[in-house]
Amino acid sequence: MAHIFAYIAHKGGAPDDSAFELAAAARKIDPVTSPRAILTGWGADLDAACDTLSASYPEIWKIANEALAYPYPNAELVRKALLNVLPSDSIVLAAHDHFGIDLAPGLSIKMNAAFVSDVLNISGVEGTDLKVLRQEFGGQVSAHVCCDISSGAVITIRPGAFKAGEPTSGCGLIVDKSGEVGGLTAGRRYLETVVAEAGDVDITKHNVLVSIGRGIQEKENVAIAQELADALGAAVSCSRPVVDAKWMEKSRQVGSSGKTVKPKVYLACGISGAFQHLAGIKGSPFLIAINKNPKAPIFQVADVGIVDDILEFLPELANKARELRSVAAK
Amino acid sequence: MEILVCVRRVPDTSENEIELNSAGNDIERDELVYSINEADNYAVEEALQIVARVGGNVTVATVGSEDDEEVLRREMAMGANHGVMISDEGFNGSDGHGIATILKAFVEKGSYDLILTGVQAEDGAAQVGGMLAAMLDYPFASLVNSIEVLDGKKLKVSREIEGGNKEMNEIDLPCVLSIQTGINEPRYVGMRGIRQVASVPIPTFGAAELGVPANAVGEVAAKVKRVDYFIPTLGKGAEILHGTREENIDKVLELVAAKGGLK
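In order, the protein sequences belong to chains A and B. Quick note, the first sequence lines up with residues 1 to 330 if you use the working numbering. Quick note, the second sequence lines up with residues 1 to 263 if you use the working numbering.
It is worth saying that the hints were derived from the structure and are not from the lab. C-beta: ideal position from N, C-alpha, C; glycine also. One thing to keep in mind: the hints can contain errors.
To give an idea of the interface, some chain B residues facing chain A are shown, with a C-beta separation under 7 Å as derived from the structure [said to hold, decoys possible]:
| hint | residue |
| --- | --- |
| 1 | SER142 |
| 2 | LEU143 |
| 3 | GLU167 |
| 4 | PHE230 |
| 5 | THR244 |
| 6 | ASN248 |
| 7 | LEU253 |
Simulated pairs of lysine-lysine, DSSO-like, Cα-Cα distance not exceeding 30 Å [stated by the list, open to error]:
| hint | chain 1 | residue 1 | chain 2 | residue 2 |
| --- | --- | --- | --- | --- |
| 8 | B | LYS259 | A | LYS282 |
| 9 | A | LYS292 | A | LYS219 |
| 10 | B | LYS166 | A | LYS246 |
| 11 | A | LYS259 | B | LYS156 |
| 12 | A | LYS110 | B | LYS109 |
| 13 | A | LYS259 | B | LYS236 |
Just the calculated beta-carbon pair ranges, DEER-fashion [unchecked claim]:
| hint | chain 1 | residue 1 | chain 2 | residue 2 | range |
| --- | --- | --- | --- | --- | --- |
| 14 | B | ASP67 | A | LYS292 | 20 to 30 Å |
| 15 | A | GLU316 | B | ALA198 | 42 to 52 Å |
| 16 | B | ASP151 | A | THR185 | 53 to 63 Å |
| 17 | B | ALA198 | A | PRO71 | 31 to 41 Å |
| 18 | A | PRO58 | B | VAL33 | 17 to 27 Å |
| 19 | A | LYS282 | B | ALA198 | 47 to 57 Å |
| 20 | A | LYS292 | B | GLY55 | 41 to 51 Å |
| 21 | A | ASN112 | B | ALA208 | 18 to 28 Å |
| 22 | A | GLU192 | B | VAL33 | 39 to 49 Å |
| 23 | B | TYR188 | A | LYS292 | 23 to 33 Å |
| 24 | A | LYS11 | B | PRO232 | 28 to 38 Å |
All chains, please: the whole structure from these sequences, using the hints.
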């Protein structure tokens with residue numbers, strides 16, 4: 001079996017949450033051999049991240065180069081650095097996030113290796129074929145995919161899909177590979193990070209969210225959700241298609257590219273339930289899904305589901321909630 | 001600026017419930033409504049807006065078959081100057097690597113300053129743009145949600161990163177960018193616009209014209225193959241309320257109050 005490497009991102013000296021998930025994924029490819037961690041970066045942050053990982057990975061390859069300094073390493077530079085140190089036919093795992101999407105496809109080309117992305121589970125290896133589980137159509141359908149790993153592979157793993165294993169106790173060996181990298185230049189240069197605007201309503205501070213998706217159909221209908229939110233003392237949040245269509249501000253978006261929320265109750269209205277959206281819902285709120293498509297993936301993760309048209313259901317729900325309030329006020 | 005946008009016709013998930021066929025080895029494709037991949041449509045709109053600012057031409061190309069011509073016509077109706085069909089029986093069954101190999105051969109037949117793709121299509125792989133860039137040795141940026149032309153040699157682009165933050169980058173031309181949905185507001189295309197471009201010729205390029213070796217693409221070259229499709233069961237599944245609408249409303253309000261919602 002080829003060497004398995006887990007490319008691990010880090011921030012402020014701490015390894016990314018994916019570090020242990022990638023190790024768990026690697027063990028599903030090869031239960032016997034422990035994967036190696038591989039980290040790029042510069043300075044004290046890189047050293048601290050490597051030290052932390054030495055508690056859970058038996059071997060850590062460290063590539064220190066000023067051009068690879070954080071906060072945002074350039075994927076093209078990281079790719080060049082990795083190509084200079086990786087043995088041929090390696091299997092490289094990375095998180096399927098904004099950096100993995102930048103790095104992994106091009107890395108697979110330069111390694112002449114197979115590429116499979118956004119993997120949710122790994123069935124195992126038969127001969128030279130690795131069998132994995134993916135999703136298509138926004139999570140509506142799953143598919144098993146076979147990937148010929150005989151000349152190596154680059155595999156991105158969906159964040160949160162693999163249960164992070166117990167860190168193996170012990171003292172990992174940190175191998176400094178910095179000297180093998182050489183000069184690094186790229187056609188793309190990091191300038192700065194622009195932090196998202198706060199917006200008029202802070203959806204992270206509400207106990208109840210009325211969250212709307214593509215099912216709201218048009219901008220004028222956002223008012224229907226707002227009326228319900230007013231009646232419930234809640235705020236209106238949304239999924240990506242609503243922001244893409246410019247029906248609500250980006251600051252209202254729940255998901256991996258939006259806000260992370262921790263309400264007590266989450267009403268998902270006309271939301272299909274793509275994983276990028278679900279990734280923004282933390283703290284296990286009570287999830288009520290209303291969607292006219294009985295096959296919407298949201299029904300698989302919700303606590304309670306109602307198959308109905310939100311454009312009819314929400315106004316009636318708002319009316320009833322207002323009635324209850326006025327009764328309670330008397 | 002000469003811009004190539006690589007597009008793809010896909011089943012429209014907002015118009016369809018995706019179901020398995022009776023054999024369980026594919027989705028049921030007979031009744032599906034197809035449309036342009038959403039992110040690709042944003043990419044075409046972005047290309048048109050760039051050309052409106054700095055001049056140039058927009059070419060839309062797809063690797064597909066006769067059925068896919070409708071999406072080229074649609075994007076031409078939006079304003080793309082040229083449509084190109086890249087089609088060959090030998091291309092069938094290509095994986096992402098195969099599609100990128102075909103596109104690379106096409107790119108090298110022309111002269112483009114900027115190549116755009118959508119960030120991902122219905123398979124969620126998000127792979128072809130990054131692969132194409134690496135094959136061409138062009139710089140690449142994924143998840144792009146704004147583009148500013150700095151001069152004839154470079155662009156300023158922002159990438160969508162976690163929490164709605166933006167990573168700003170300068171990138172040299174020629175380059176490949178994968179475009180994220182929401183970058184702009186794609187213009188409306190009516191039937192009339194599509195009729196106006198109905199007779200514009202769309203040239204077809206096959207493996208021979210592009211000089212793509214038969215063993216580099218198609219099913220024979222694919223390292224990645226889908227084995228089956230099935231309907232997933234992720235969690236334990238929701239308790240579906242089967243009452244009348246009034247009963248369901250009462251139940252929802254009761255639950256919201258019980259779970260600490262209403263005050």
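Status of each hint after checking the structure:
1. SER142: Status holds, d = 5 Å.
2. LEU143: holds, 6 Å
3. GLU167: Nearest chain A Cβ about 5 Å off; hint holds.
4. PHE230: holds, 5 Å
5. THR244: Given a least distance of 10 Å, the restraint on THR244 of chain B is violated.
6. ASN248: Status holds, d = 5 Å.
7. LEU253: Hint holds; LEU253 of chain B Cβ to chain A Cβ min 6 Å, cut 7 Å.
8. B:LYS259 to A:LYS282: Roughly 16 Å between the alpha carbons, so the hint for LYS259 of chain B and LYS282 of chain A holds.
9. A:LYS292 to A:LYS219: Given pair LYS292 of chain A, LYS219 of chain A holds - Cα atoms ~19 Å apart, limit 30 Å.
10. B:LYS166 to A:LYS246: holds, 18 Å
11. A:LYS259 to B:LYS156: holds, 25 Å
12. A:LYS110 to B:LYS109: holds, 22 Å
13. A:LYS259 to B:LYS236: Distance ~26 Å between LYS259 of chain A and LYS236 of chain B Cα, so the pair holds.
14. B:ASP67 to A:LYS292: 20 to 30 Å: Given a distance of about 29 Å, which is inside 20 to 30 Å, the answer is holds.
15. A:GLU316 to B:ALA198: 42 to 52 Å: holds, 46 Å
16. B:ASP151 to A:THR185: 53 to 63 Å: violated, 20 Å
17. B:ALA198 to A:PRO71: 31 to 41 Å: violated, 50 Å
18. A:PRO58 to B:VAL33: 17 to 27 Å: Distance hint for PRO58 of chain A, VAL33 of chain B is violated at roughly 52 Å.
19. A:LYS282 to B:ALA198: 47 to 57 Å: The hint (47 to 57 Å, Cβ to Cβ) holds, given that LYS282 of chain A and ALA198 of chain B are roughly 51 Å apart.
20. A:LYS292 to B:GLY55: 41 to 51 Å: Since the Cβ atoms of LYS292 of chain A and GLY55 of chain B sit about 46 Å apart, the hinted range of 41 to 51 Å holds.
21. A:ASN112 to B:ALA208: 18 to 28 Å: The hinted range 18 to 28 Å holds for ASN112 of chain A and ALA208 of chain B, with Cβ atoms some 25 Å apart.
22. A:GLU192 to B:VAL33: 39 to 49 Å: Because 42 Å falls inside the window, the suggested range holds.
23. B:TYR188 to A:LYS292: 23 to 33 Å: holds, 25 Å
24. A:LYS11 to B:PRO232: 28 to 38 Å: At roughly 32 Å between Cβ atoms, PRO232 of chain B and LYS11 of chain A fall inside 28 to 38 Å, so the hint holds.
Hint compliance for this structure: hints 5, 16, 17 and 18 are not met, and every other hint is.
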